[in-house]
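Visitor: For chain A, the structure is supplied; the task is to place chains B, C and D on it using the hints.
Protein chains: 4
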Amino acid sequence: MRETEPEAGKRPLGVGMVGYAFMGAAHSQGWRTVGRVFDLPVEPVLSAVCGRDGGAVRAAADRLGWAAAETDWRALIARDDVDIVDICTPGDSHAEIAVAALEAGKHVLCEKPLANNVEEAEAMAEAAGRARARGQVAMVGFNYRRVPALALARRMVAEGRLGALRHVRLTYLQDWLVDPEFPLTWRLLKERAGSGALGDLGAHIVDLAQYLAGERVAGVSALTETFVRERPLVDEAAVASGGLAAAGGAAGGAEGGAGVGVEGGSAGGIAGGTRFGAVTVDDAAVFTGRFPSGALASFEATRFATGRKNALRLELNGADGSLAFDLERLNELSFHDHTEPAASAGFRRILVTEPDHPYLEAWWPPGHGLGYEHTFVHQARDLLHAIATGAEVKPSFADGLSVQRVLAAVEESAAKNSVYTQIPA
Amino acid sequence: MRETEPEAGKRPLGVGMVGYAFMGAAHSQGWRTVGRVFDLPVEPVLSAVCGRDGGAVRAAADRLGWAAAETDWRALIARDDVDIVDICTPGDSHAEIAVAALEAGKHVLCEKPLANNVEEAEAMAEAAGRARARGQVAMVGFNYRRVPALALARRMVAEGRLGALRHVRLTYLQDWLVDPEFPLTWRLLKERAGSGALGDLGAHIVDLAQYLAGERVAGVSALTETFVRERPLVDEAAVASGGLAAAGGAAGGAEGGAGVGVEGGSAGGIAGGTRFGAVTVDDAAVFTGRFPSGALASFEATRFATGRKNALRLELNGADGSLAFDLERLNELSFHDHTEPAASAGFRRILVTEPDHPYLEAWWPPGHGLGYEHTFVHQARDLLHAIATGAEVKPSFADGLSVQRVLAAVEESAAKNSVYTQIPA
Amino acid sequence: MRETEPEAGKRPLGVGMVGYAFMGAAHSQGWRTVGRVFDLPVEPVLSAVCGRDGGAVRAAADRLGWAAAETDWRALIARDDVDIVDICTPGDSHAEIAVAALEAGKHVLCEKPLANNVEEAEAMAEAAGRARARGQVAMVGFNYRRVPALALARRMVAEGRLGALRHVRLTYLQDWLVDPEFPLTWRLLKERAGSGALGDLGAHIVDLAQYLAGERVAGVSALTETFVRERPLVDEAAVASGGLAAAGGAAGGAEGGAGVGVEGGSAGGIAGGTRFGAVTVDDAAVFTGRFPSGALASFEATRFATGRKNALRLELNGADGSLAFDLERLNELSFHDHTEPAASAGFRRILVTEPDHPYLEAWWPPGHGLGYEHTFVHQARDLLHAIATGAEVKPSFADGLSVQRVLAAVEESAAKNSVYTQIPA
Amino acid sequence: MRETEPEAGKRPLGVGMVGYAFMGAAHSQGWRTVGRVFDLPVEPVLSAVCGRDGGAVRAAADRLGWAAAETDWRALIARDDVDIVDICTPGDSHAEIAVAALEAGKHVLCEKPLANNVEEAEAMAEAAGRARARGQVAMVGFNYRRVPALALARRMVAEGRLGALRHVRLTYLQDWLVDPEFPLTWRLLKERAGSGALGDLGAHIVDLAQYLAGERVAGVSALTETFVRERPLVDEAAVASGGLAAAGGAAGGAEGGAGVGVEGGSAGGIAGGTRFGAVTVDDAAVFTGRFPSGALASFEATRFATGRKNALRLELNGADGSLAFDLERLNELSFHDHTEPAASAGFRRILVTEPDHPYLEAWWPPGHGLGYEHTFVHQARDLLHAIATGAEVKPSFADGLSVQRVLAAVEESAAKNSVYTQIPA
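Protein chains in written order, with UniProt numbering: chain A, 1 to 425; chain B, 1 to 425; chain C, 1 to 425; chain D, 1 to 425.
Okay, chain A solo, but in the shape it has when bound:
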């Protein structure tokens, strides 16, 4: 089923997506919608989607609106009708696919975290740098930069509305691992996911901290913890039949807890007929840090905050004002202007749905809020504009690498008795 044909007079740009689970579905919605809402300089075409299980990927292509299906990502990259490779797989395959795509001359959008370790991220950033010289674009999918309220927050910081920054505090709280019977999915295995709450949720808040502050974290001191150390293995029969989908497509690289399905590689004990395996990633990471400006930062990422579903909450305090945000109320930004008379000052709730708010001109009248998925529409818009105009894309692979270095420093600090660990520039 064809989703789109090029609009008259616009250059078509074919997209090829690898992976089609949670993240793939979200990205698809972005690609399908972006040209219907925004006035674009180019025309995205949903050319092909890729997964290991041929039947499953063809069904996904039909459902999500991709013209073709592939079972080998190398074949996807090789397609002439693919100009942009959109990588929605778990982190262990990011580097290989992204570097290959860049070397094949394609633009790349890669889900976050950029990679599972610094070495991979460095290789990817280098490949992106070489590709940039050839006019290619490589973006990492820190989609929350495209929440209008957060783009507005960045704009206000850049305008100096906060003055000298003193504090940045961010939490990203979810609760989908609270139940010890939740199974050992790929997100809980270090070899697949790189890390746990740290890479999944922590990567987002580290990127946002750096994006909003406009500077990079200089060093961190960290604690990590795995509260539940063994979990039931996913049923092996289920794995056998569903494993390809699980591996090829299930669950993109972003937060959410979706995508059960994993190999039972690191099996452990057996209890009541159920076999258990070791959780090899963190359940939670709590860390503090410093910015070069002198601002202090605090971070908390966890999958054990009962009742918090997607509580990415942040606050920035500057000498002249403060900003606060909660992803569970993503159409709102809270702002305190400290230059006002104290008698009528206070945190105001800005409903970020006005036409002069970032991305909003294209959408609905004021007060008619957007949702989570719109971040992917905006991400697609920004990527396509960068491709069309040659402008620098943000967040770049270099930005993704900088986040990866913070994550690595967190793990190093946690392993070294929380000692403050500098992050290489």
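Because the hints were derived from the structure by calculation, they are not lab data. Treat the hints loosely; a few may be bogus.
[As the list claims (entries may be wrong)] Distance condition first, Cα-Cα at most 16 angstroms in a straight line; then the derived EDC-like pairs of lysine to aspartate or glutamate:
#1 B:K416 - B:E225
#2 A:K10 - A:E43
#3 B:K10 - B:E43
#4 B:K10 - A:D62
#5 D:K10 - C:D62
#6 C:K394 - C:E215
#7 A:K10 - B:D62
#8 C:K10 - D:D62
Guide: This is chains B, C and D only, laid out in the frame that chain A set:
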């Protein structure tokens, strides 16, 4: 540009949409998305869109993803590839189009309010009744019933979680008319819009009150007011060039303040070179009412509540519990369970993003909220299911008529010194 | 037990309080505290408290800090050490006590509502007018004017921060009558309480509407309802022993649901060994109104809003801004400044604890909030200042009368099919 | 002026208070009010207050209601009519006064933090232990344990409503030092205040974390920062005249930013005619920690969070539920019950004003909230009950010492590159 082709094995259902402004864009997003997210028994196809200005409607068709464009709604209805007629025009054309479509054997989705007066609404309901006997579906577009939080609210009321209902209070507050320089658009003319805040915003809250309470308003006592009685006429040259779009498509039938562009029919004074015309609808309506069960209701609809952008707020109080909701935070439902021990009772914020919440199974993981436009996806889903299964559709034209009768009683009461006015069953 | 002796150099002013239940306790806390916190021109002395039951009133005097106890309010008024008579009894005795006290040359503070009907209120206002000419002060206890956030709201309205007023909406929601087994206390008998939710809660929101808007309600259209029409009589043995306290002091004239204990005068049926009596007041009143300026008002007072404990919520919308408040969060005022650029505008939460907020200079550092009882400290402060300086006191008995007229118009409208009922100036 | 005389049949207990600034005023309000509201087994008498400046302390005694004034705390302790010594001075005098009072056989209430260092705190705890054997009581003034919502939170944790604890996160955010022109008060000098935000604000949240979790922090990793390193010296003439008040009484040992007035001991540079001195304490402290149970903790204390006035915010996440609280809304506790069905679960706002909530039976009807100062009434109540009944008092000096050890570990970690620092049991 073709948006969709029928999925293998599914019956295609062609949609023809009349009007393509705010509501048309929102409906288009619903039609485009519904089959990508929900597992449907039929396959919607965006066959054709209709507007008076041929060039504009063709551009809209391209942008919004409709296969064809028409300039005459009768031609649209006559198309073989149109099974569903989706009416997104101002209220003065609803009755004629809807009745013709029903008589032509088409299913109909009609924007709210159903009509501009009770007589038209009665004719429409009668036509829908006849069509129902032929297996056709006619739904009125009270899309807020499809906000998951409100569908959940209805489910909880139906389950008896609130007990005997005592109070229903609803406000729908916007502020886009506060500026007296805002021009005299079609929404401010009785002959086009039927009424002002009453029909635009009040219709929504009357429908929701009846939907949530599960009973119809028995009578009302009302005050209405027009705060700004003359407004600048829209520039006539602009009207001349843009008038067709304005008339044929500009601004769907729903709330929002979008869609400037209207004929300067009722011109009045001239000030500073600008000609003014009389506002012939209400700016605000405040009314109280009773339900047959004995519950009291209060309603307020206004376009003059400074700072409130889309504040459809409601609360229901029953003997056993209460519910509260605010459309500006549409992913949340507030619930107080009065059967709990007082020491730990309180209004809880239910984040309506769980898989067992209405419509949510098809969407994202918990905490990843939806937006305004998703109500149109859900509306399309429910309409398509009703068509496929033959189930009764809600809200029906009879429901729309019942709302129209309340609106009429509000106007009658306001005209008769606020006297309590019974509503015919 | 003596609470206070005059501070050197300050004129002592003796207070005599009638009634010592909920309101009496709250007023006592006000009188005891005011001189410890505010720098007063005079020195309040808690001279005597009055109730019918000698033993009970002496115990109350000891507990609450009054120097003497009386069992006859006429004797209290006659005391030389009583300069101010503070009336905290049910509404049916307000007029007689207040007029007598004023005629005896005393200053008067009278709980709200001023009286149980307009005639009594007129007599009281006339007496207050005559007394005013003699230099006496008469204040009605609408204590919520002394919530700092509401005093700030009034200041901001008076400064023109809202511009032309369009909407005033107020609710006062409680839930202590939801249980049909709650007994038939004096508050549910017309002959004692005058009316139900209307006089208890509605009086407050009518006064606040007029206070904040700076104008008086011109007319109203109303619905009232009694949801539970019979309730268990209070145990008669309990009434026999506790009746004097109940009558003489139990439960002041203000909201809250405290003060069970009443005579079983209007006995009705018997069920399961319990005798029932008829509720002769409203459980809820819902009304709309107009101000002379053209602003619309809506009001709702109820004791059946499950989960709402003391939800006096109000919002004012003007052309230039809006204010919102909730008594359950009484240290906060919400303000939207519509003259700001839309991109950073929004309702701000003013934490009303700054030194330049009303009454706050005397209290704690910013952020260290006050509670309900502090309204009585502030009320005492303002009364004492008015006495010392000869300044006009607000709210005066004339203000109380104007509220009484609105309440009467509400009852008249409700009795006449909700017809809009003008309020005499 | 005598505030109180013993009630018939109750043992009088004389209170002698040292210091009479912010904390002294708050404690006075507690002592004056406690017997008016609670039914006590003993009768507190405000015997004497002490400060260095004779005139000022006599004026304070009159204003605050103390029967006598002393200028030497040793004389205060020696008074026969002083049974309880209430220490409201800066931290550098706590140990000496408290130990002397305990050795003189008096009960002691000492403001927090218990001392300026661990050694002093140990000496105090030892003295308290010896005194306990003699039947004396020694309590440290962590008054926030007496916020009803937090007492309720502790009760719910103790009842097992949260299950196994995973996360404890607390911030205490204020903003009164944001202005670099704010002068160098005693709170900014290490020799007077011990530490900055850490001891003032951090002490509260460490105590609450331990109180609520029911276990002691095992170790911490910390960052501290002084953003503004030099501040204007307080005018020396002003210091000369007001210094005694500043030293003897000004500003109790608790948070708030009140009490400007300090010696210019550590003078530094001169700018524009103003002399500057070095700030020798932290402006902010950010730290993480572990509990023996495995729960992770995070803490942030700062005086630079623009717009946050008294934002002591905390959240506890357990396997079965979560609790959240914000001191700026101190009548509310937020609770999520994770054992409920997900479809109707969510954080509920418990309005902590019900009769069966801690301390509430004595106060007003539901919904009529309390304020900051009531924590001191409750503190007085609990202390008096402990004295009367011989029950163990909480928080004890041992509890205060445990907090002091955490604060010391924070400083040690911050000095040692944030290394995780164990806290001695």
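Visitor: Determine for every hint whether it applies to the structure shown.
Guide: Each hint, compared with the structure:
no. : hint            : result
1   : B:K416 - B:E225 : holds (14 angstroms)
2   : A:K10 - A:E43   : holds (6 angstroms)
3   : B:K10 - B:E43   : holds (6 angstroms)
4   : B:K10 - A:D62   : holds (12 angstroms)
5   : D:K10 - C:D62   : holds (12 angstroms)
6   : C:K394 - C:E215 : holds (14 angstroms)
7   : A:K10 - B:D62   : holds (12 angstroms)
8   : C:K10 - D:D62   : holds (12 angstroms)
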